[in-house]
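Trainee: Chain residues, written in single-letter form:
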Amino acid sequence: MLRNKTGKTGAAPVTESILASPGIEGGAGANVPRAAPNIAFAGGGSSPFTSRAEAAGAIQTADLLALVFLFLIMIGGYHVHAMLTMGDWDFWVDWKDRRMWPTVVPILLVTFPAAAQYFFWVHYRLPFGATFLCAALLVGEWIDRYVNFWGWTYYPVNLIWPTSLIPMALFMDIVLLLSRSWIITMIVGSMGFSLLMYPNNWVILAQFHLPSEQYGQLMTVADLIGYHYVRTSMPEYIRIIERGTMRTFGKDVVGVAAFFGGFVSIIVYFVWWHVGKMFSTVKYMKSI
Amino acid sequence: MKTRILTELARLVTRHAGRLWALALAAGLALTMASAGPADAHGEKSQAAFLRMRTLGWYDLKWSKTQVNVNEEYEITGKLHIMNAWPASIRVPERCFVNVGQPGAMANRIGVWVGGQFTPRSMELKVGKTYEFRMLLRARRPGHWHTHVQLSVETGGPIPGPGQYIDIKGNFADFTDPVKLLNGSTINLETYGITSIYLWHAFWMIVAAAWIWYWFTRRGLLGRFMWVASGKEEEVITPQERLVGAVTLGATLLVVIIGYSIAASNYPNTIPLQAGDFRNIPAIDEPASPVQIKFLGGTYKVPGRELTANLKITNSGKEPLRVGEFITAGLRFLNPDVYTSKVDYPDYLLAERGLSLSDPSPIQPGETRDVTITIQDARWDTERLSGLAYDVDSSFAGMLFFFSPSGERYMVELSGAVIPSFLPV
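Protein chains in written order, with my numbering: chain G, 1 to 288; chain R, 289 to 713.
Treat each hint with caution, since some may be false.
[Said to hold, decoys possible] Restraint-style ranges between C-beta atoms, simulated for each label pair: (1) R:A322 - G:T61: 39 to 45 Å; (2) G:G151 - R:P693: 55 to 61 Å; (3) G:L65 - R:F491: 25 to 31 Å; (4) R:F491 - G:I240: 28 to 34 Å; (5) R:G695 - G:G151: 50 to 56 Å; (6) R:T526 - G:A58: 22 to 28 Å; (7) R:G695 - G:I240: 45 to 51 Å; (8) R:D455 - G:F71: 43 to 49 Å.
In case anyone wonders, no lab produced these hints; they're calculated from the structure. A virtual CB, placed ideally from N, CA and C, is assigned to each residue, including glycine.
When you get a sec, could you build the whole thing from the sequences and use the hints?
Mentor: Put into structure tokens, the structure is as follows:
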């Protein structure tokens, strides 16, 4: 039906308020003009819509569908990336150490959010790219952990909980919002993304670092959980965690690890911002 | 008429070829799934025969119980000999971990002791030494479970040993795993900390959803895109919205700082994950064996599932000795002349009449005798050790046990090359 219509959308947007779309226009944005297609309605012969309200409703629905589809796609894409790269540090409580975990996780997770920030910020001026991605990742992770790790293999949630990421993502998004500069976001936002990870997660991790004596050996609760719940294919030496080195700053390992993670995250952000730029286009679709 | 029917049929099939393919695939998949049974094993038969025979010798294995209730503890005890014939293709176990090969967390591993040392982490074991071990497990999930002993070797992988079925009865919901902490409190590992994990994650997910929804409902996606495309990107975000962002940033940092402070205050004495390896694990202090064996040659008859080894055995002890048992890759081949009563061991790994000798009489003190031992049983095949004939290194290893009239037992490691004898074609 729509195929027979001509001039579905105008060439340039007009700025006007669509009063018949309170769902979109309500709240703080009510006074701000929104874009609406420069179209003629029923009787004009060039529009599939009979009124501005209907046009606004269609746009609203399209927006919502796009958002939901993007969310689902990001659950898949970002989740696969995360599991294949920093998987075990995020899977197991006895991998969440003070050296490798705060180094590896931010470096590998700042990737997709940086690309998403390009897409959402440059094309939509939406400051939620990182939060959107991290929320998608966490939804995917929680489904995976609850259904697979607990539902199928019965590992308790205190062994398999994912890293909390939302405050880190919010920080990066809001730095972009306030600075309006991807360079500042790259430097300040990525660094904050890394630095915030440990304190944010310590809220739930601290209880797993309480000490216990087991048959003459000192173990944390996290060590104990990892030891008691048998993972046949995961012998202890597989764990890539802090094992001590002459190069550490005594016991103050977290700060050094988080700053190092932050510095590398800056470089990774730069690369992935441009990955976002490279793929936020339809030019690859022209040949289809 | 027949031609017409066939033509119509052919046309019908051509028209629905895609659907028919899909239907056939679905039916095939359903048939495959219908025939699938529960997976009991842990891939122990898939490893090359020579590797399984030449790496580890497990013996004196005992499962304290095979029928337990949820929360009931049981033990696996035994001895582990690191074979001198350890193959070059696997790194020696200078960093390894004694593990339990079981289907997930059906039982909690309370502790493993090797040489009397509690070993919750990796350790170094030495080639040629024998170690006593004990595993303490606590039944968790009801079911019928195959439980192996297992040694995982860094860069080499897991080497499963013998397995036994454990039946766990009761209610999974009743399972607890109490652990005492240094601060004096006792926690249940099964549920510890889960509520706070859910609450912290749920809180931030709600914040994330609110943030996304707040911006999404301000002019959506298409509207914003068209604004930006028209060159008015600086007008899309209002000063009030920036203020909301700044307040959100402040609140986020405040919540993290307060949360961190509360955690630090609630748990002032925390320690990092413990990661040190164990060295100098005490091995069994075995007396010098009075038996010396020289391996003269061996053959493996593929059709007969029979290994024969020609040995020159010297008894330099004070008692006559009889060859009673050969163990390789967890399989026990018994000499029925020595083992006259029933042996408690998993049936699929026990060949009660699997060992015979060319001369079964005891080897007297000071005597040196040429003996041919024959190790024959269908378990060579069922446990896939007959694959030795096709391995890249056609050599075997195992432990030969000698018995004296006074009840002494001596273990001697036996290894060497074998020449296969194939089915005549």
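Trainee: Quick check: which numbered hints come out false for this structure?
Mentor: none
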